[in-house]
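**Q** Chain order of the listed sequences is A and B. In case it helps, the numbering used here puts the first sequence at residues 430 to 696. In case it helps, the numbering used here puts the second sequence at residues 204 to 687.
For the record, the hints were derived by calculation from the structure and aren't laboratory data. A few of these clues could be false.
Stated by the list, open to error - Where chain A lies over chain B, by a calculated footprint (3+ residues, C-beta under 8 angstroms):
1) 569 to 582
2) 648 to 655
3) 662 to 672
Unchecked claim - Taking beta-carbon pairs under 8 angstroms as the criterion, some of the chain B residues facing chain A (in silico):
4) L234
5) S286
6) T437
7) I472
8) G478
9) L560
10) A675
Every residue gets a Cβ at the ideal spot worked out from N, C-alpha and C, and that includes glycine.
One-letter residues, chain by chain:
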Amino acid sequence: MNKPYWGLWSLLLVALVFFAAMSLLPDGIRIGGLEIKTPALGENIGQLVTDSVHRQGDTLDAQGRLPNGRHPKGWRAPVDTTAKTILFIGDSMLEGLAPRLAAYCDKSGHKLIEVIWYSSSTLCWAETARLTELIKTYHPNYIMVCLGANELYVPDIKRARRPHVKKMLAEIGDIPYLWIGPPNWDEDTGINDLLAQEVDEGCFYLSAKDHFDRSRDGAHPTRASAQQWMDRVIKWMSTTAAYPIKLNPPSQLTSRAARIVIYQPPV
Amino acid sequence: MTQVLSQFTFNRDEPMLFTSGLFWVLFLVFLPIYAHLKSRRVKMMTFVIAFSLFFFYKSSGWFFLLLVATSFIDWWVAQFIDSSKNRTERRVALTVSLLLSLSVLLFFKYSNFVMSNLEALIGGNFQPLDLILPVGISFYTFRTISYVVDVYKGKIQPVDDYIDYLFFLSYFPCLVAGPIVRACDFMPQLRDNKPATREMIYGGLWLVMLGVLKKAVFADYIAQYNNIAFGNPTGYTGFELLMAVLGYTMQIYCDFSGYSDMAIGLGSIMGFNLGVNFNYPYRSLNVTEFWRRWHITLSSWLRDYVYIPLGGNRKGKARQHFNLMVTMLLGGLWHGAAWTFVVWGAGHGIALCVHKLCKPWLDQIESTRLTRAVSWLMTFSLVALLWVFFRASTFQAAGQVISGIFTDFEWAYLPVFLKRRSTWCIMLAIIYGLHFVPSHVWDKLRERFIAAHWVVKLLLFIVLVQLVLQFASATVQPFLYSQF
Numbered sequence: 430m431n432k433p434y435w436g437l438w439s440l441l442l443v444a445l446v447f448f449a450a451m452s453l454l455p456d457g458i459r460i461g462g463l464e465i466k467t468p469a470l471g472e473n474i475g476q477l478v479t480d481s482v483h484r485q486g487d488t489l490d491a492q493g494r495l496p497n498g499r500h501p502k503g504w505r506a507p508v509d510t511t512a513k514t515i516l517f518i519g520d521s522m523l524e525g526l527a528p529r530l531a532a533y534c535d536k537s538g539h540k541l542i543e544v545i546w547y548s549s550s551t552l553c554w555a556e557t558a559r560l561t562e563l564i565k566t567y568h569p570n571y572i573m574v575c576l577g578a579n580e581l582y583v584p585d586i587k588r589a590r591r592p593h594v595k596k597m598l599a600e601i602g603d604i605p606y607l608w609i610g611p612p613n614w615d616e617d618t619g620i621n622d623l624l625a626q627e628v629d630e631g632c633f634y635l636s637a638k639d640h641f642d643r644s645r646d647g648a649h650p651t652r653a654s655a656q657q658w659m660d661r662v663i664k665w666m667s668t669t670a671a672y673p674i675k676l677n678p679p680s681q682l683t684s685r686a687a688r689i690v691i692y693q694p695p696v
Numbered sequence: 204m205t206q207v208l209s210q211f212t213f214n215r216d217e218p219m220l221f222t223s224g225l226f227w228v229l230f231l232v233f234l235p236i237y238a239h240l241k242s243r244r245v246k247m248m249t250f251v252i253a254f255s256l257f258f259f260y261k262s263s264g265w266f267f268l269l270l271v272a273t274s275f276i277d278w279w280v281a282q283f284i285d286s287s288k289n290r291t292e293r294r295v296a297l298t299v300s301l302l303l304s305l306s307v308l309l310f311f312k313y314s315n316f317v318m319s320n321l322e323a324l325i326g327g328n329f330q331p332l333d334l335i336l337p338v339g340i341s342f343y344t345f346r347t348i349s350y351v352v353d354v355y356k357g358k359i360q361p362v363d364d365y366i367d368y369l370f371f372l373s374y375f376p377c378l379v380a381g382p383i384v385r386a387c388d389f390m391p392q393l394r395d396n397k398p399a400t401r402e403m404i405y406g407g408l409w410l411v412m413l414g415v416l417k418k419a420v421f422a423d424y425i426a427q428y429n430n431i432a433f434g435n436p437t438g439y440t441g442f443e444l445l446m447a448v449l450g451y452t453m454q455i456y457c458d459f460s461g462y463s464d465m466a467i468g469l470g471s472i473m474g475f476n477l478g479v480n481f482n483y484p485y486r487s488l489n490v491t492e493f494w495r496r497w498h499i500t501l502s503s504w505l506r507d508y509v510y511i512p513l514g515g516n517r518k519g520k521a522r523q524h525f526n527l528m529v530t531m532l533l534g535g536l537w538h539g540a541a542w543t544f545v546v547w548g549a550g551h552g553i554a555l556c557v558h559k560l561c562k563p564w565l566d567q568i569e570s571t572r573l574t575r576a577v578s579w580l581m582t583f584s585l586v587a588l589l590w591v592f593f594r595a596s597t598f599q600a601a602g603q604v605i606s607g608i609f610t611d612f613e614w615a616y617l618p619v620f621l622k623r624r625s626t627w628c629i630m631l632a633i634i635y636g637l638h639f640v641p642s643h644v645w646d647k648l649r650e651r652f653i654a655a656h657w658v659v660k661l662l663l664f665i666v667l668v669q670l671v672l673q674f675a676s677a678t679v680q681p682f683l684y685s686q687f
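The following block holds chain A by itself, in its conformation from the complex (with noise of 0.2 angstroms):
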């Protein structure tokens, strides 16, 4: 090899082993206020060792989970028909779908508590302790999740939200619960693929596949597209979810939560 081609060779590798090593600090790095970004390359390492310990042995725990802390495809829990507190977050797309669920609460003896954050997304969530304070003030024995849309086209996305919806999943713990996902208006850049891969089996409903009637923005569903929308999550908890509660056919269209909690857009 001669001396530029070496030159080159060894300016890539080193280059390589330098951002290696970074990827493998624990903590990441900080410069002022300035978060330095690593690479994926230990956590990729990591997530296949992982998964190659975790096939050795599929068997189920107390709460029919796998080794990996998820439900096996196709587990469901029995239908819960105990009266629930119901923390129902999310972005501005709750306007539409939440008096819906209302409806259904107010029908079933449930209680509603809905939260509006909007233009919020899964990693201003993560980044507060937002949903932890909200779970320890309100008590829900049932979480429902609607975020996404306003992360449709975020790059580079499933390596750059997935530890945003795994702490938010860690935050939710062993509450059960429901995630419906964005109403996509365009083709996104992976969200939709990440919660299906991060969201435990049976708690993800994929919004993206149905047909709705938009509003003036073109992004939100009408009125009555969410309200259809609503509609449509909750048949398909009645079948498919993994952790079903009895939600009566409600004789009024829309309802109003038990308590409306809204915060501002981040900054």
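Starting from the structure of chain A, add chain B where the hints point.
**A** The following block gives chain B in isolation, referenced to the frame of chain A:
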């Protein structure tokens, strides 16, 4: 183990591009072997062909065999054309080769487009075919066509050894997105197989780094806002849409030219000069100049293999304008199978005709700073406006973007926009600024990079990769809530 192996098998959703980490890890393995084999021509070619075909397999699966078949057929046809003295035979061989190449391209790229249009015209129950478009098929088809046509016209001698031709057609730096290098420029370099000089190797690295900066930092970051606005134009004001159009104008340049820079840079590292593909197109003072600076290898291909064979400017003004329109319509359709691309091509065709018509009058206007500024503004505005059709998924969306800009424009949104999307605005301003840095300054920087100490090069490379990492996960402010 299975997961590790899966990294090396075809994945429809994850084609291997020059910006992917896997490519650079593989290139690290490729480079010393290539350098070792460089002086042994046949071994070097065999190795590069194997790597290129793997590169193509990783992006398009078993369709890499299509490339092998195309290269063999066209190599054989070119041999036949050269050896045959019978004019009819030569013409038939050329026609068969062209039909084969074009029919494969048409099938993969335009089947669904044609069928959906037929359905709209005559009705029927159309089901789109689940076709994978082999990556780079448009590029290598044009390259193989130019080779066979040039042999037919006697401009070049056919390649004796098939392995040489397979090397040319499968050469991985040009495979995915060009440049559309011609055999007449490439084959002499392959025959000579001169060793790559220090200038070529580090000049190539410089170009690769510029390409990465353009594609993975600038284009990918500013694309986020453009995607949001173009994805839902009715949710945005005229000012926001104008910013999206200005953003997309630079995004597409950084995207296309960035990838070209990487390809040309890799070629240079390997000791091949692949020419220039983009020459600061937004500095153009008229649309004719724009097409001399934009995607040069494509526009010169269209000129040499469509426009001139149609008659060019040799058959009168009316025929010249007709030829221009046909060329630009085909150029539009080449970019994508949709009517929006055709309209984009037609827009440029009309603009070229108008410029040709007005040229005698325009040439009489004295060239001053003011006239040049006006010419630039008119050219840039037209090009940016036509990009709307290139980017928009439907005519309705394109109409919404354009009408939004002209009917719902208020400067009052400027401060809010600057505040909420400050990083995006700064980045866009930097890109526009860099585009107008004089060429000699860029040449000087390149020379200084080549001459710089190894440690300086390493630091610059690390800084660049870190920039890619920083901006890969940086997000532009999403759409703000608007009332029902």
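**Q** Now look at each hint and say whether the structure bears it out.
**A** Verification of the hints:
1. 569 to 582: Check failed, 0 qualifying residues.
2. 648 to 655: violated (count 0)
3. 662 to 672: It holds: at least three residues are needed, and the stretch 662 to 672 of chain B offers 5 whose Cβ sits within less than 8 angstroms of chain A.
4. L234: With Cβ-Cβ at 5 angstroms, under 8 angstroms, it holds.
5. S286: Result: violated, 40 angstroms to nearest chain A Cβ.
6. T437: With Cβ-Cβ at 4 angstroms, under 8 angstroms, it holds.
7. I472: Cβ of I472(B) sits 7 angstroms from chain A, so the hint holds.
8. G478: violated, 22 angstroms
9. L560: violated, 40 angstroms
10. A675: A675(B) check passes; min Cβ-Cβ to chain A is 4 angstroms, inside 8 angstroms.
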